[in-house]
Amino acid sequence: MRRLLPLLLLLWGSALPAAAASIPASDAFPYALTTDTLPNGLTVVRVPYPSSGIIAYVTVVRVGSRNEVEPGKTGFAHFFEHMMFKGTKTHPEGERERILGSFGFDDNAFTTDDITLYYSYGPTAGLPQLIEIEADRFQNLEYSEPAFQTEALAVLGEYHKNAAAPFLKMEEELNAAAFTRHTYQHTTLGFYKDIQAMPQAYEYSRTFFERWYTPDNTLLFIIGDFDDAKTMELVRKHYGPWDRKAAQVSVPAEPPQKGPRTAHIDWPQPTQPRQVIAWRTPSAGTSPADAAIQTLLVDYLAGSTSPAYKTLVLDKQLVESIGSDYSEHRDPHLFSLTATLKDERHRDTVRKTLLQEVSRLAAGRVDAARLKAIQDHARYGALMALETPRDVGIQLGWYAGVTGAPDGFQRHLQSLPKVTPAQLSDFAKRYLTANKFILLSLTPKTAAPGGTK
Amino acid sequence: MKTRALMSLTALLGLAGCATTPTAPPPDENAPPPAVPAQAAPPQTAALPERPESVPAKPLGQPEPLQTVVLARPDTPIVSFRLVFHTGSVDDPKGKEGLTALTAQLMAEGGTQKLSASQLLEALYPMAAELDVFVDKEFTTFSGRVHKDFLARFQDLFTDVLLAPRLDSAELERLRANAISDVENGLRSANDEALGKAALEALIYEGHPYAHFTGGTVQGLKAITLDDVKGHAQRVFTQDRLVVGLAGAVDDALTQSLTSRLSALPSTGAPRVKLPAVPTTAGRTVIIQKPTLSTAVSMGFVNPIRRGDPDFFPVALAMANLGEHRQFIGVLFNELREKRGLNYGDYAYAEHFIEAPGSTYNRTNIARTQQDLTLWLRPVVPANGVFATRGAVFFLSQMVTEGISQERLDLMRGYLQGYTRLWEQTDQRRLGYAIDGLFYGTPNFLEQYRQAMTEMTPQSVQDALRRHVQPDALNFAFVTEDAEGLAKTLRSGEPTPITYASPKSAELLEQDKAISSAKLPLRPEGLQILPAQQFMEK
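Just so you know, the protein sequences line up as chains A and B, in that order. Residue numbering for the first sequence is 1 to 453, as defined by our numbering. Residue numbering for the second sequence is 454 to 991, as defined by our numbering.
Calculated directly from the structure, the hints in this document are not laboratory data. Incorrect hints may have been included.
According to the in silico footprint, chain A covers these stretches of chain B (three or more CB under 8 angstroms from chain A) [claimed, not checked]:
#, stretch
1, 725 to 737
2, 945 to 959
Derived pair list, reagent style DSSO-like, types lysine-lysine, alpha-carbon separation capped at 27 angstroms [unchecked claim]:
#, chain 1, residue 1, chain 2, residue 2
3, A, LYS316, B, LYS675
4, A, LYS193, B, LYS957
5, A, LYS86, B, LYS792
6, B, LYS743, A, LYS310
7, B, LYS991, A, LYS310
8, B, LYS991, A, LYS445
9, B, LYS743, A, LYS193
Here a beta-carbon is modelled for each residue, glycine too, at the ideal position from N, C-alpha and C.
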């Protein structure tokens with residue numbers, strides 16, 4: 001790569017990148033990244049990967065349900081992800097499927113609290129068409145009101161699909177208990193009543209596009225087997241004219257939590273009782289060290305080698321499973337411990353056991369050998385997880401979207417081994433406190449006294 | 454209303470618990486009550502070839518004991534192990550449904566003679582090594598992945614799990630409780646789409662060892678003893694049922710050492726289950742009743758062809774044309790979701806589909822002697838349940854009677870030439886296809902598929918469809934709250950018109966008229982209602 005660089009710079013001539021950087025492969029992340037930022041602010045990252053004839057093309061827009069600041073418009077980032085497949089003047093609805101379909105691309109997208117991530121995964125032979133069609137839709141999306149209204153029903157269908165299991169309702173209730181002002185108080189799918197009202201919000205959807213789908217709010221990742229110079233030439237040609245700027249909309253800050261909070265769900269179907277203990281914690285977006293600590297805490301407190309797992313899952317068999325719903329967020333969000341109980345009667349014991357582990361940690365009693373094992377697990381786990389260009393692209397895109405740094409994922413991997421036992425303990429003492437937790441319980445309404453049968 | 458539901462329940466209870474013992478009686482005795490063959494359906498199918506009255510059990514191939522498949526490649530530090538045993542829930546004895554899955558789970562999770570369950574987890578943990586098991590009807594796959602830095606240690610653990618599992622009672626009770634909960638709280642409650650698919654499977658394989666849930670029935674799981682598990686492990690996880698797959702950073706020494714260790718498994722055990730022929734029943738319906746916001750729909754029939762049949766590829770392409778899982782290109786996805794906004798997605802497959810985690814692809818190593826062709830609709834609002842069902846049948850029928858245009862065939866061919874390459878991007882999946890090829894007699898299966906597509910014409914695809922895919926052969930499974938209301942609409946055969954909140958083209962509205970009054974190929978007397986709480990009870 002390095003030897004080619006002078007030649008490439010020469011070829012690019014006046015289209016010199018505003019910034020360019022190469023990050024070599026490392027033990028933690030065995031692939032090299034080359035990053036350019038186009039004059040319009042679009043960040044383009046390329047990652048060679050030995051996937052003969054196959055590429056993954058990942059576009060991450062830094063917009064999620066976090067950006068839904070207007071009342072009544074929750075769920076819009078996700079809904080908008082659906083609308084991005086509805087065509088442009090150049091490529092009307094259906095043409096994308098025909099063009100990308102003819103190559104066999106797996107073409108899809110997902111939305112989180114913070115990001116919207118689009119991926120196309122398929123033959124390198126289709127890359128030129130893909131670049132053209134992707135650049136076109138990010139600049140020139142156009143859809144009719146009836147198409148918009150119909151798609152709103154597909155989103156409702158998605159809500160229905162997800163509503164059968166308790167997880168969606170639990171996330172809704174936990175967020176509502178944890179956040180009174182910040183937009184994290186609603187889930188990415190949005191409030192049900194807002195989803196039902198989506199068909200009436202065509203005009204707002206245009207605003208949403210103009211506001212957030214801008215080059216300076218977007219990062220592009222291309223991973224796999226492709227010619228870098230030719231690819232970048234096409235990227236510059238097709239994305240170059242994109243000239244909007246991201247809007248400045250302030251997301252309300254969440255005031256400090258005063259005292260513990262609780263929430264409860266009666267679930268009208270057979271299911272296991274659940275217990276969630278959550279705390280508001282610093283963001284991964286602004287604090288890589290805190291993100292690394294929280295990643296390791298998940299396994300330290302609730303992983304398959306934790307004392308709580310040994311006690312609750314294996315020895316006493318009071319729960320089916322324990323874990324955490326923690327994930328990296330751009331703004332301060334939650335660190336949680338979760339338990340799927342076998343019996344309502346054991347709720348207090350389970351909760352106490354989990355909290356005892358937190359107290360022990362906060363008191364400075366850290367098992368350094370186990371922390372080391374968790375750090376080894378994280379390192380090898382990352383290597384094992386990067387099996388395809390798509391895996392690599394989604395990991396890179398996710399962390400870049402949350403942190404704003406194209407190499408956010410590598411930075412995260414590099415931060416993990418640096419965490420010390422004292423940092424784990426300090427974090428627990430500072431944030432995982434008894435007077436600031438949020439307890440969420442779920443009980444099947446059909447439960448007979450003392451059981452779920 | 455209650456009485457009718459209960460009567461239907463009585464009729465349907467047979468669905469849940471019809472596994473045969475490993476020494477099954479001859480096929481005919483084992484077959485369910487007389488079924489209505491598809492050709493008895495209305496006259497519009499008269500021009501189609503006659504459908505067989507049953508799909509026989511033509512045995513799958515039988516690889517050599519401990520046959521080895523090695524796919525080494527130098528550009529990865531990861532080693533993949535894939536041990537595929539030709540045993541699955543068909544080997545569950547009657548009354549002990551779930552025994553194979555529970556045994557496999559206990560082996561994989563319950564520790565070894567040297568290490569307790571907790572110590573096994575601790576040993577695997579710093580390596581981030583994977584050790585998983587998946588059980589289907591006829592196959593059980595133990596898979597492992599590890600970085601080569603830990604190869605020797607992992608190989609010890611992985612082989613100990615198979616050769617010297619701990620099989621203690623505490624872990625049996627833990628995993629049994631989880632398995633029962635998976636039925637009571639998972640299958641019956643948490644995913645209507647999956648429940649509909651399981652209900653259809655139970656319906657079309659009634660009386661066959663495929664009928665019960667692979668994870669077991671509640672009563673079957675409760676009846677299993679530790680001795681059952683110990684005996685079963687010796688009887689089914691044997692050398693003569695095992696294919697050994699290795700991929701990635703593999704060398705000859707590893708292959709030899711692994712096969713040499715595995716030769717300590719019992720050489721043989723239980724006789725192979727003789728599967729009965731499956732009657733090609735048509736027009737049967739089950740409605741699973743449970744509290745839910747929506748209606749999930751599955752439909753299908755036992756497919757007379759499987760991999761290895763020359764007609765399999767054109768039928769597979771035609772079903773992909775209707776809809777591969779979570780792909781935007783399918784006819785059903787476009788017609789039902791994109792144009793009409795009925796739901797989140799609609800899919801179709803020529804063989805049984807179980808989504809591989811983290812992907813949109815089918816699992817490997819779930820080969821079946823008798824396959825099913827299915828279509829399913831992700832949940833729709835209840836008011837549109839029958840219309841959506843009619844829509845799916847309409848577009849299936851249209852494809853069979855009118856065929857696929859040259860343009861559409863070219864599109865699907867291009868699509869599958871590329872998309873099938875994504876199915877073989879990981880070492881575990883490449884091993885999976887290679888091992889499936891041994892049982893189906895289809896070496897280089899995906900390459901064969903891509904080659905076969907180059908020679909297909911609209912005519913050849915339609916000919917294959919007309920030979921094997923008859924909409925009148927469909928059976929139906931629904932999951933909904935107002936089961937009686939749905940049953941009434943289905944029995945009446947009355948039109949189910951649909952209204953939209955947004956403007957639609959005249960052409961679409963015209964098509965809707967045909968869809969909303971199309972006759973569904975179901976028989977009112979073959980309709981049953983089952984409360985979800987009773988599903989897979991025994």
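Here's how the hints hold up against the structure:
1. 725 to 737: Coverage by chain A is violated for the stretch 725 to 737 of chain B (0 residues, Cβ < 8 angstroms).
2. 945 to 959: holds (count 5)
3. A:LYS316 x B:LYS675: 20 angstroms, holds
4. A:LYS193 x B:LYS957: 24 angstroms, holds
5. A:LYS86 x B:LYS792: Distance of about 11 angstroms is within 27 angstroms: holds.
6. B:LYS743 x A:LYS310: Violated - the C-alpha atoms of LYS310 (chain A) and LYS743 (chain B) are around 36 angstroms apart, more than 27 angstroms.
7. B:LYS991 x A:LYS310: 32 angstroms, violated
8. B:LYS991 x A:LYS445: 24 angstroms, holds
9. B:LYS743 x A:LYS193: Given pair LYS743 (chain B), LYS193 (chain A) holds - Cα atoms ~23 angstroms apart, limit 27 angstroms.
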